[in-house]
Amino acid sequence: MPSQREKPWRVATVTAVKIASTRVKLFTLELPSGGNFKAGQHYDVRLTAPDGYQAQRSYSLASSPGDTNLIEIAIELIDNGEVSSYFHDSVEPGQRIEIRGPIGGHFTWKPSHTKSSIFIAGGSGIAPIISMLRHRYAVKNNSPAVLLFSVRTEDDILYREELESMSDNDPSLQVITTITRGASKDWIGNTRRIDRNMIDSALVNTGVTPESAYVCGGSGFVESMANTLLDIGLDFKQIHIERFGP
Amino acid sequence: MINDNFFGRRRSTPTRPVPPGQYLEDGFPVLSAGPTPRVDISTWDFSIEIAGEIAGTWSWKSLNSLEQTDMHTDIHCVTKWSKQDTNWRGVAIDTLLADAQISPPDGYVMAYCDGGYTTNVPAKDLMDGKGILAHTYENEPLPAEHGGPVRLFIPHLYLWKSAKWIRRLRFMEKDEPGFWEGYGYHMYGDPWLEQRYTGD
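These protein sequences, in sequence, are chains A and B. With my numbering applied, the first sequence corresponds to residues 23 to 268, in that order. With my numbering applied, the second sequence corresponds to residues -6 to 193, in that order.
I should point out that these hints are in silico values taken from the structure, not numbers from a laboratory. Predicted model only: the values in this text are computed from it and were never measured. Just so you know, even glycine gets a beta-carbon here, dropped at the ideal spot from N, CA and C. Incorrect hints may have been included.
[To be verified] Some residues of chain A that are not near chain B, with every Cβ distance over 12 Å (derived): (1) S55; (2) D66; (3) D73; (4) Q78; (5) S112; (6) H128; (7) P166; (8) M188; (9) S206; (10) S241; (11) G242.
[As the list claims (entries may be wrong)] One side only, chain A facing chain B, incomplete, derived with CB under 7 Å: (12) E28; (13) R32; (14) T35; (15) A38; (16) L69; (17) W209; (18) D222; (19) A224; (20) A248; (21) L252; (22) G255.
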């Protein structure tokens, strides 16, 4: 199994930095070789100060697995976050960063997946899920899927155009976004936190009976969503979760 | 490799060193691969299995009637955070083995949990007070999202070895990978040797 191989630290080169929202930047990294991974996996990143002090963090891959050495990570600026603030303030194309991976194997999606799925993302928790949806789209997997995406403000809807385009071009994918704080008057979507009613009506309206669930976001969000999925009758083993941060 | 302009924030001053690659966390993050199981304490039990036989079974009540052990310790999660000076109470694996009149076998142990989680650990890492079944954290019942009612607690290893929602320990002669170990996480997981992944 490839995930059993050793994972040495390697040096990647930043090739692009893109502002995705007020608090999130997307970084494209070029690996020295071998970009293979499963959608949902993460890489570890290590920064070293001149005095030898090191900090490591894990970041989910947002890009689609494919025939490329390029990977994309989405980094949200965390208050007092030593690694995220360094990336936001100091990292530019051409810079080199130590990385190791890919890591993880439970929260993953493969093209052989034929079950109908519900994806639930909170904020930057969309990162590993956009990887799954990009992969799904690229391989033309059309098992029924619905994405519920909860964000605080309109500015936080990461990958908005891409998600709209994917769902426009793929009848088997439905995307439902909810803005929980400060939606503008023009916003015609949901404006409350995802709850059982919202999930129930999303499933009724899309005709999706989920056989598998992927939930990613902040810890409290994920706990609440996983509980709701148990309430609507999903089995423990059908629910895959990934928690970001405390 | 030095990263220019990176100095780190080093938010808290550790009272003692933290393992390599770890940062200090004041909160208590929750990590798990699936939902939090709904455990009914009235039917909950815990058992030890040796050579295919159940060697001992304890209810919630009988677990609490045994000698209780306190642990004051630091904890280290493979996702890079550490937390210092935490307080736990539970029943030492030594105490359970003595209660069941079992002499501890050599070899390895697989932990089984509600929700299907498993993890492996050498048997000796559970003995001599190193491993407990923890039910109390900071003088309060262990919250469900942190593994309550009862989790295995082996703080000298990365926290994924301290299996939440523990129900059974199976002694085995040869080492076998548990849930995360099968996905490339280290078979032993010593934070001081930074044994995060296979080959570390």
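Going through the hints against the structure:
1. S55: Non-interface label stands for A/S55: nearest chain B Cβ at 17 Å, farther than 12 Å.
2. D66: Answer for A/D66: violated, closest chain B Cβ roughly 8 Å.
3. D73: A/D73 not clear of chain B: closest Cβ-Cβ about 8 Å, inside 12 Å.
4. Q78: violated, 5 Å
5. S112: violated, 5 Å
6. H128: violated, 5 Å
7. P166: Fine: 22 Å to the nearest Cβ keeps A/P166 off the interface.
8. M188: At roughly 27 Å from the nearest Cβ of chain B, A/M188 sits farther out than 12 Å, so the non-interface label holds.
9. S206: Fine: 33 Å to the nearest Cβ keeps A/S206 off the interface.
10. S241: With a cut-off of 12 Å, A/S241 comes too close to chain B, as the shortest Cβ separation is near 5 Å.
11. G242: Check fails; 8 Å does not lie beyond 12 Å.
12. E28: Check passed: Cβ of A/E28 comes within 3 Å of chain B, closer than 7 Å.
13. R32: violated, 10 Å
14. T35: violated, 12 Å
15. A38: Hint violated; A/A38 Cβ to chain B Cβ min 18 Å, cut 7 Å.
16. L69: Result: holds, 5 Å to nearest chain B Cβ.
17. W209: Check failed: Cβ of A/W209 comes no nearer than 31 Å to chain B, outside 7 Å.
18. D222: violated, 18 Å
19. A224: violated, 19 Å
20. A248: holds, 4 Å
21. L252: holds, 5 Å
22. G255: violated, 13 Å
Checked against the numbered hints above, the structure breaks hints 2, 3, 4, 5, 6, 10, 11, 13, 14, 15, 17, 18, 19, 22 and satisfies the rest.
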